[in-house]
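Enquirer: Here's the letter readout for the chains.
Number of protein chains: 6
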Amino acid sequence: MSGESADVYFGRAATILEREGLDPVVTMEVFARRDAVLCGIDEAKNLLGHVLHDCDPAETRVEALDDGDVIGPKEVVLRIEARYRSFGLYETAILGMLAQSTGWATAARECVETAAPQPVISFGARHVHPDITDVLDYAAIVGGCVGASTPAGARLAGLNPTGTMPHSLVLIFGDTVEAALAFDRNMDPDVPRIVLVDTFKDEAEETLRVAHALGDRLYGIRLDTPAERGRVTADLVKEIRARLDIEGFGHVRIVVSGGLNPERIGYFKDQGAPVDSYAVGSYISGAAPIDFTGDIKAIDGRPIAKRGRIPGRTESARLKPIDLGNWPEG
Amino acid sequence: MSGESADVYFGRAATILEREGLDPVVTMEVFARRDAVLCGIDEAKNLLGHVLHDCDPAETRVEALDDGDVIGPKEVVLRIEARYRSFGLYETAILGMLAQSTGWATAARECVETAAPQPVISFGARHVHPDITDVLDYAAIVGGCVGASTPAGARLAGLNPTGTMPHSLVLIFGDTVEAALAFDRNMDPDVPRIVLVDTFKDEAEETLRVAHALGDRLYGIRLDTPAERGRVTADLVKEIRARLDIEGFGHVRIVVSGGLNPERIGYFKDQGAPVDSYAVGSYISGAAPIDFTGDIKAIDGRPIAKRGRIPGRTESARLKPIDLGNWPEG
Amino acid sequence: MSGESADVYFGRAATILEREGLDPVVTMEVFARRDAVLCGIDEAKNLLGHVLHDCDPAETRVEALDDGDVIGPKEVVLRIEARYRSFGLYETAILGMLAQSTGWATAARECVETAAPQPVISFGARHVHPDITDVLDYAAIVGGCVGASTPAGARLAGLNPTGTMPHSLVLIFGDTVEAALAFDRNMDPDVPRIVLVDTFKDEAEETLRVAHALGDRLYGIRLDTPAERGRVTADLVKEIRARLDIEGFGHVRIVVSGGLNPERIGYFKDQGAPVDSYAVGSYISGAAPIDFTGDIKAIDGRPIAKRGRIPGRTESARLKPIDLGNWPEG
Amino acid sequence: MSGESADVYFGRAATILEREGLDPVVTMEVFARRDAVLCGIDEAKNLLGHVLHDCDPAETRVEALDDGDVIGPKEVVLRIEARYRSFGLYETAILGMLAQSTGWATAARECVETAAPQPVISFGARHVHPDITDVLDYAAIVGGCVGASTPAGARLAGLNPTGTMPHSLVLIFGDTVEAALAFDRNMDPDVPRIVLVDTFKDEAEETLRVAHALGDRLYGIRLDTPAERGRVTADLVKEIRARLDIEGFGHVRIVVSGGLNPERIGYFKDQGAPVDSYAVGSYISGAAPIDFTGDIKAIDGRPIAKRGRIPGRTESARLKPIDLGNWPEG
Amino acid sequence: MSGESADVYFGRAATILEREGLDPVVTMEVFARRDAVLCGIDEAKNLLGHVLHDCDPAETRVEALDDGDVIGPKEVVLRIEARYRSFGLYETAILGMLAQSTGWATAARECVETAAPQPVISFGARHVHPDITDVLDYAAIVGGCVGASTPAGARLAGLNPTGTMPHSLVLIFGDTVEAALAFDRNMDPDVPRIVLVDTFKDEAEETLRVAHALGDRLYGIRLDTPAERGRVTADLVKEIRARLDIEGFGHVRIVVSGGLNPERIGYFKDQGAPVDSYAVGSYISGAAPIDFTGDIKAIDGRPIAKRGRIPGRTESARLKPIDLGNWPEG
Amino acid sequence: MSGESADVYFGRAATILEREGLDPVVTMEVFARRDAVLCGIDEAKNLLGHVLHDCDPAETRVEALDDGDVIGPKEVVLRIEARYRSFGLYETAILGMLAQSTGWATAARECVETAAPQPVISFGARHVHPDITDVLDYAAIVGGCVGASTPAGARLAGLNPTGTMPHSLVLIFGDTVEAALAFDRNMDPDVPRIVLVDTFKDEAEETLRVAHALGDRLYGIRLDTPAERGRVTADLVKEIRARLDIEGFGHVRIVVSGGLNPERIGYFKDQGAPVDSYAVGSYISGAAPIDFTGDIKAIDGRPIAKRGRIPGRTESARLKPIDLGNWPEG
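Chains as they are written, first to last, in the numbering used here: chain A, 216 to 545; chain B, 216 to 545; chain C, 216 to 545; chain D, 216 to 545; chain E, 216 to 545; chain F, 216 to 545.
Be a bit skeptical, because a hint or two may be false.
Stretches of chain A that chain B covers, calculated by requiring three or more beta carbons in the stretch to come under 8 Å of a beta carbon on chain B [unchecked claim]:
#: 1; stretch: 224–230
#: 2; stretch: 319–330
#: 3; stretch: 361–371
#: 4; stretch: 434–444
Derived from the structure by calculation, the hints contain no laboratory data. C-beta atoms are modelled at their ideal positions from N, C-alpha and C, and glycine is treated no differently.
Full structure from sequences and hints, please.
Expert: What follows is the structure, given as C-alpha cells:
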C-alpha cells in the first residue's frame, strides 16, 4: 500500500512536513452527512493496523464503530489520534473504502427491509470492476443480503455463493429442460436446483415442463423476464404459483430478478405476489458512494478546526477503542 | 485472473459444459441501453488477449469500439466469436470493467461539456475503493478531464497529477500564509502554487494575504467553502476576482471545488463568474455504473437468441477487428 | 319515437303551451363548446325529417353541417326554424345523438391521426350497450377508422366487418395452430387469416408455429398480450417482425391490440415498432360524450336569448340548408 | 337479439365450431378490474334467460351478483356454465350491458355519497343516445339517485320522473313569472312547482318575484346559472336562501344544477351552502364504461385459462345461483 | 424630517461619529436586485436637496436615474458622495421611498403592458394607509396608468381624477337608474357619465335600462360583479357589448374592475372580450416593495466595501448628475 | 383629514346627495375575506371620533373589535350606524388603515409563532415610505414582535427601539473591533451592545475578536451574512455558539437577520440552531395589504344589500360598542 492511490496533495503535504520537520499528533475524525449502514470500517482498521504498526503506543489511539452499525448524520465513525505523517497519506484510501462499501451496504439494507421476511440475494458483480467484486458482495451481506453471487464475495462473508444458471447455458443446450437435466446430472447434490425459465418459452409453460422433468429435485425457478417482454409482473408470479400448485409442485420456490429496487420489491409485496426470494443487481452495485469526510479536530491536544467545523473532540458514546495489538494483520 | 470474481453460475456452467463435452463456437455481443461515453474497453480487450491466447485463430474473432467513443442505445461495443468455454467465465469481469468505467467517463463528459472552455479536473479518489482509483482517474480523463488527483491515475492517462494542498497542511501550520510559504519553499518549481484559502479566514481576506506573500509565484487559489458556510457562490468568485485585480494580482487563477456537478457548473457559467477551472469530485466518482449486457446471438454459426432479443449478428459499421497478435499482453 | 326518452320537462312544456294556445316559430341553434369531429348529425336530420314532415314549408327551415366536419367551440352545427311544438319534445334526443357520436368520432380521429399512415380498427363493441354498437362503429368510421368489429356497425358505414378470432376459439381447440387451421378450413377465402397468438405460448414461438402451419395463406397475427404479462411492447413487435423475416415470412402482418390510446400508439411510433395496424377499444368506445346545447335565439322573428347568450341568429358561412323533400325517410 | 351487435369474430367462431362439430361445456367468468357499483346484471340475466332457454338444465348453470352490489377488482360478477355455442355469440352484448351501466351507476354513487344527506337527481339524458336513456336513468337510480329525468328511465326504476321546466318555456312566455303561473295553472297538483330562475333576470330578484307570485304553491327554484355568468356559487345559494327567509319564504327549496360533479358538490358542502338537492348531468351520463372481461376457466370440467389468467373456477362466497325457471322473460 | 422614521441604529451611528469626531466623505450607491420600473427617486432627490443644502459643494455630489426608468439587477440608481453625517440618518427614508414606489410602479407597468392598447386606471387607494395614497397614485401613473382614483394622487401626476360612483350611492337611491339620473343632474358636463351596473339587477338588464335613461349622455358602464356572483367574465362583456349594439348604444364604453391582475387582464384579451378600460386595485396597491440597498463603496476617496460587495465606484453610463442649486425645495 | 385621499367617487357621491337633499342613516359593515390579525382599528376609531363628533348621538352608533384580535373570513370588524354624509367620504381612509396594518400584523404573527419561544424584532422600516414607518412598527408589535427598529414606531407601541449598528459605522472605523469599542464608549449603559460581525472578516473570527475586546459588556452579536456569501446558515450559528462557549463567552447572544421569513425561521428551528432572536424585515414590511370591504346593510333601518351580499345586520357576539364620549381625540 503506497501513496499511489492517494490524492497527490497528501503526498505533497507529507514531503513539506518532513522537510519542515513537523509531525504533530493530530486528532482526525471521520463522518458522513447522512443516515447509513456503515461498512468498510474493518478494512480501514486493517489498513491502519499496518500503517500505525511502528508508532509510539502512548500517543497513538484509534476508536471506531463496526461494520453493520446504523450511523446518523455527522456521527463520528472513526477517530485517529497519531503522528500526522504516520497516516496522513492514507486518508484518501480510508475514505474511499468507507464511501463505497457504506453506499452498497446502505442500498442493500433498503432492499432487505422492504423484502422482509423474504430474503434478498446480491447479484451485482457485473456492474463493478472485477477488482472489487468481493468488496461489493461483502458489503451487500453486511447490509443484510443472505447471499452473493461471486465465490470471493461469499467467502469474505463466510457464506456459500448463490446462483442459478446463465442464459448462455440454456442457449447452448437449446432447450431449458435439457439444460436443467444437465445441471442436475453434474452438480453436487447440495447445490439447489434453481432453473432459469425465461430463455425460450413462455415462463408458465416452461416452469411446468421443468417441474415435470425434475420433480422433487427441483428447488426453484428464477423469473428474469426482460424489459422487452414487460419485465416480471406480480400477476405472472401469482399465475405461475397457481399453475405449479394445481399440478402438484407446491414445493417449488420462485426467485425473481431483473431491475429490482425497493420500489419494485414493494410493488410485489403490495400486490401480494408469492415471491420466495429477490435477486437484486444494480440497485445495490450501482448505489452512489456515501461521502465521508476526515476532519482534524485537535493538534497536539489543542482543539482546532477549519471554518465550518467545531473544534475539539466530538462526544460519542458508541466509539470503541481498537486494541493495536489485536489488529488482524498489524 | 481466476473465476473468483465471476458470478458463480458462470463457474457452474463451465463445469457442466465440460462434463457434457460441449464447447460450441458462440457469438456474443455486448451493448448498453443508453447513450454513453464508452470506457473500459481497452482493459476488456487486454483481458480477452490473455484468455483467448491459445485459441484457434481460425474460429476466434474479436471486434470492438474504442475508449472515448460516444455510443448509442443497444449499439454493439464488443463482439466475441470463440469457443464458449475459453471466455464464458470472464463475462462478469468484462461487463464490470465496462459498466463502471463507462459510468465515470460519461459523467465526466457531462461536466466537461458544461464547463468548456474552462477545464475540469477529477478529484474523486476519496469516494471509491483504493484498488480502483487509477481506473477512475483514467476514465475521468477519457471523459475529457485535463487532470486527475492521484499519481497512479494520472500516469495511466499519461499526465501529471494535479492538486493543491490539503486542509490538514494549513491546519498544522496554523495559518494559510505560513503553509503557502512552506509549500513554495519545498516544492519543485514546476509544481504550480495553488493555495487553498478557506481554512481559517474569510476567503477574500485570505486570498489577498496569500497574494501579497507569494506575489508572482502564486499560480492560483482554490475556493472550497464548505456547505456550512453556504458553499462557493458566483458572487464570491466575482468579488475575489475584483479584489485581486484592484490590488494588481490579475495573474492569479481561481479554482473552484465543492459539490460541483453540471447543474452547479452551469450556475457559475450563467452568472458569468470568472472561474478558471473546476475540480469535480463525487459527481464523477459517484456516477452509477452503466449496465452492459452480453447476449449470445449465434451458436456454431446458427442465429439464436433468448426471448426478447433478435437472433443473429447485429449490423455495425463501427466495430473494428482486433488483431490477436497485437494485444498488449496476450 | 315518442317522448319517452325526452327529459320530462319538455313533455310538460308541450302540455302547457298547448293548453295556453301558444306555438310560436322559434329559431333554435345547437353548438358544442370545444373542437370536435361532428357525428350524429345525419341521424338528427333523419329524426327532424320525421317530426317536421307535416309542417308548413314556408315557416320551416333546417340548416346543418355534415358528419365528419371538424367543428370549433360554440360553432352552430344545426339551426332549426319551426313551430316550437312541432319539435321541442325532441331536443333531448337530438342532443343525445350528437353528444355520444361526436365524442366517439373525435376520439377515433385522435387515434387515426397518431397512427397514420398505419390504419386503425375500432374494437369497442364490448364496452357499450348492444342497442348502440352500430352507432358506435359508424361514429368510429366517421372518425377515420378503416374498420369496425360488428356486422351492424360495419354495414352502417358501408364496409365489411373486421376481426380475427376470440380467445375462446383457441381455448376450445386447445392449441393455437389447431384453431388457426380450423379457421382456415372453414372461412371464405376472402376473409383474411389473422391469428391471435398470445393464448397459450410465448408470442414469438406461437407466431412461428402458426406461420409454418398456414404459410402463404396467413395474412397476419394479432398481439394482445394481457397486462398481467406486461402488455404488448415495441420490442416484442420488433422481435416478432425480425423472427418472421429471418424465417421467410415477410408477408405476415402484425396487428396490435390491448389498451391502445393515442399515447400508447405514439409510443409504438416513437420506438419505430413495425406495427401494421392498431385495434383500439375503450379509448374510442369509452370516450366521454361531448356536450351539445340547444339555444332559442329568436321567437317569431324577434331576437331573444337567455342570460349568458347573445340574442339573434349566429352568422355562419358553413351551415347548409336541408331540403325537406329530400330527407331519407321524411 | 341476433349476432348483429356482436364482435364479428364471435360469429366466425360459432360457424367454425359448428362445422367442426365442437360444442363443449365451458365455464366462463366475468369480472372488472376495479372497484365499482355493479349494474346491468339484471339485463344480462334476462338475455341469458332467453338464449339458454332450451339448454339441458343438467349441464347449464348461471351464478351472479345483483345490481347495486359493490364489487372489488377481479371479483367474479357472473359465471356461466353451458354449451359454448348456446351463448358464446352474446359475450359482446353481455359485457357491453355491464360496462356501460356499471360505469354510470358507479359515477352516480360517487355523487350520491358526496351529497348525502341531500339527494341527487340524474339529468343526463341529453348526453346519450335516445335508445339508451332509459338504461342510463335506471343505472343512475341503482347508483343511488332519487330521481331521473325521463319517463322511460323513471318507470324502469319504479319512480316518477323528476323535472322542472326548460328555458324554452320561459323564453316563449317572455317572463319567468308568466311561465311559472302557466305551469301552475296547467300541471296536476301533485307535480311539484320548481321554477327555473336564471333565464332573464338576476337569480335573487327573479326568485323573489316568483315566490311572491306563487306563494305557498311554490315548491322550489332551480339555479342553473350558465358558465358565461360564473356558474352557481355557494355564495349565491346562501344569499338566495337568506333573501327568501327574510321575506318569509322559508319553505321554498333550492335545487342546483350546471356542471355538477363530486368535486363541485363537495365545494357546496364545504362552504355550507344550503342546497336542497343536486341535479347532476354529464358526470354520470358521460362516465366512461367500466371494462368487463369474460374468461373461459374450464372446458368440459377441465381447468384451463389463457396466459395471464389462473385456470379453474374462482372461489366466491357471494355469487348466487340463478333459477332458470324463474327468469323474468325466459 | 427628523430621524424618527429612521432605523434607530442610524441615529446611534450619528451620535458615535460625532463624539469621536469622525465625518469622512463617503460614496454610497443604491441599487435593487431585480428588474423594475424605478419610482420614488424624485422624492428622494428632494429629500437630499434639503439635507445636503448646507454642505460644501466641492465635496458633495449626487447622481441619479429618473422616475419611470427601467432598471436592471444591481444597477446603481442613486450615488451620493458627501460627508456621512450630513445624510447617513436618512438612508432608511430614501430606501423606503424607493422600495414602495418602485414596487407599485413596476406592478402598474405589468398591467399596462398586458392591457395595451386599452388603458389602465389605478383604483387601489382603499388598500393603503391614507397618508400615502397620493404616493401610490403617483407611482401608478409613473408605471403607465392613465388615471388614478384620488384627487391628491391625480394632482401629483398632473391629471384629473377618474372614477364612477360608489355602490353606496346606488343603494341610497334604491335604483341604479335613479342614481344615474341624479349623477347626471348634478355633475359638471365634463365629468364622464360612467354608471356602475351590478348593484341590484342583472348587469345586462341594468345596462340597457341605464342606456335608455341617459341615451347619448351615457359615457360608459362599469362592471364589478362580486366574487359571490362569479366575477366579471369575458362572456359577460361580450354579451353586454352585443346587447348594447343591438339596441343602438354602440357609443357606450365598458369598464371592468374587480380583482384584476395581469393574468386576469390577459384572460380578457385572450378571449377577445371588448373591454374599453381596466380598473386595477390591489395588484398595484398590494405589490410588495422592491428592496433597495445602500452600500458604501469608498471613504475619503479610498475604495472599500463590506464582504460580499466589490469596492469602488460602479461604472454607469446612465447616472445623471443632480444640480444642487436646482433642487425644487433645497 | 380632508377627502383628498379618498377615492374621487366618494366626493362626487357627497356632492350629489347634498344637492338632492338626501342623508339617510345607513348601517355599514366592514370585513375581510380571510383569517387575519386585526390592526388599524384603533386608528380608524380615532378618525371616526373626529368625523362623527357633531352627529346626533341618538342615531349614531359604532361597534368594533380590537387591534390584535384574530378575525375570521367575512367577520364584521367594524359597524357604523350614522348619517351617510357624515362619514361616507372616509370609507377609503378607514379601509386603507385596516388593510395595510392588518397585512403587517398578520405577517408578523406568522413569524412570531414560528420563532417562539425565541423573540422576533421588526426591521422593515427601509421597505416602506417614511410617512408610515411608525404605523408599520406599531402593527408589527401588535402582531407579537418584541421590538421595532424606529424610534417613532417603538414609541407608538410603548417600547424602546431595538437595533445594533449599521455596516456604515463599521466601514468608517475600518475595523469591527474599533467600531464596537467606540459604540461601547459612547452609548448609554442601558443600550445593549450588539455588534454586527460580518462586515470585514469571517463571522466566527470576528465574533471572537469582538468578544475578547468587550468581554462581559458584549450583549450579543448579529449575523447578517449577505446572499453573495451564502446567507446565514444553521451550521454557522452552531459553530459560532460552540466557538464562543469554548472560549468562555457563553453569555453572548446570537441575533440573526437577512431575508428571514417563517420558512427560513423554521429551517433554523428544525436544524436546532441556537439563535437567540430573529430580526425580520421585508416579510413583514412587504406583506400585501389584506383587503377590507365596507358594505351598506341597512338604510333608515330597512335591510338592504347589493347583489352578492345578504341584507341586514350581521350577527356578532364579539363586536363591542364604542363610547363616543371616550374617544381619545374626538
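Enquirer: It remains to establish, for every hint, whether it holds in the given structure.
Expert: Hints versus structure:
1. Beta-carbon proximity to chain B at under 8 Å applies to 6 residues in the stretch 224–230 of chain A; the threshold of 3 is reached and the given coverage holds.
2. For the stretch 319–330 of chain A, the proposed coverage by chain B is not satisfied: 0 residues have a C-beta within less than 8 Å of a C-beta in that chain, short of the threshold of three.
3. For the stretch 361–371 of chain A, the stated coverage by chain B holds: 5 residues have a C-beta nearer than 8 Å to a C-beta of that chain, and at least 3 were required.
4. Chain B is given as covering the stretch 434–444 of chain A, and this holds because 5 residues of the stretch bring a CB closer than 8 Å to a CB of that chain, at least three being needed.
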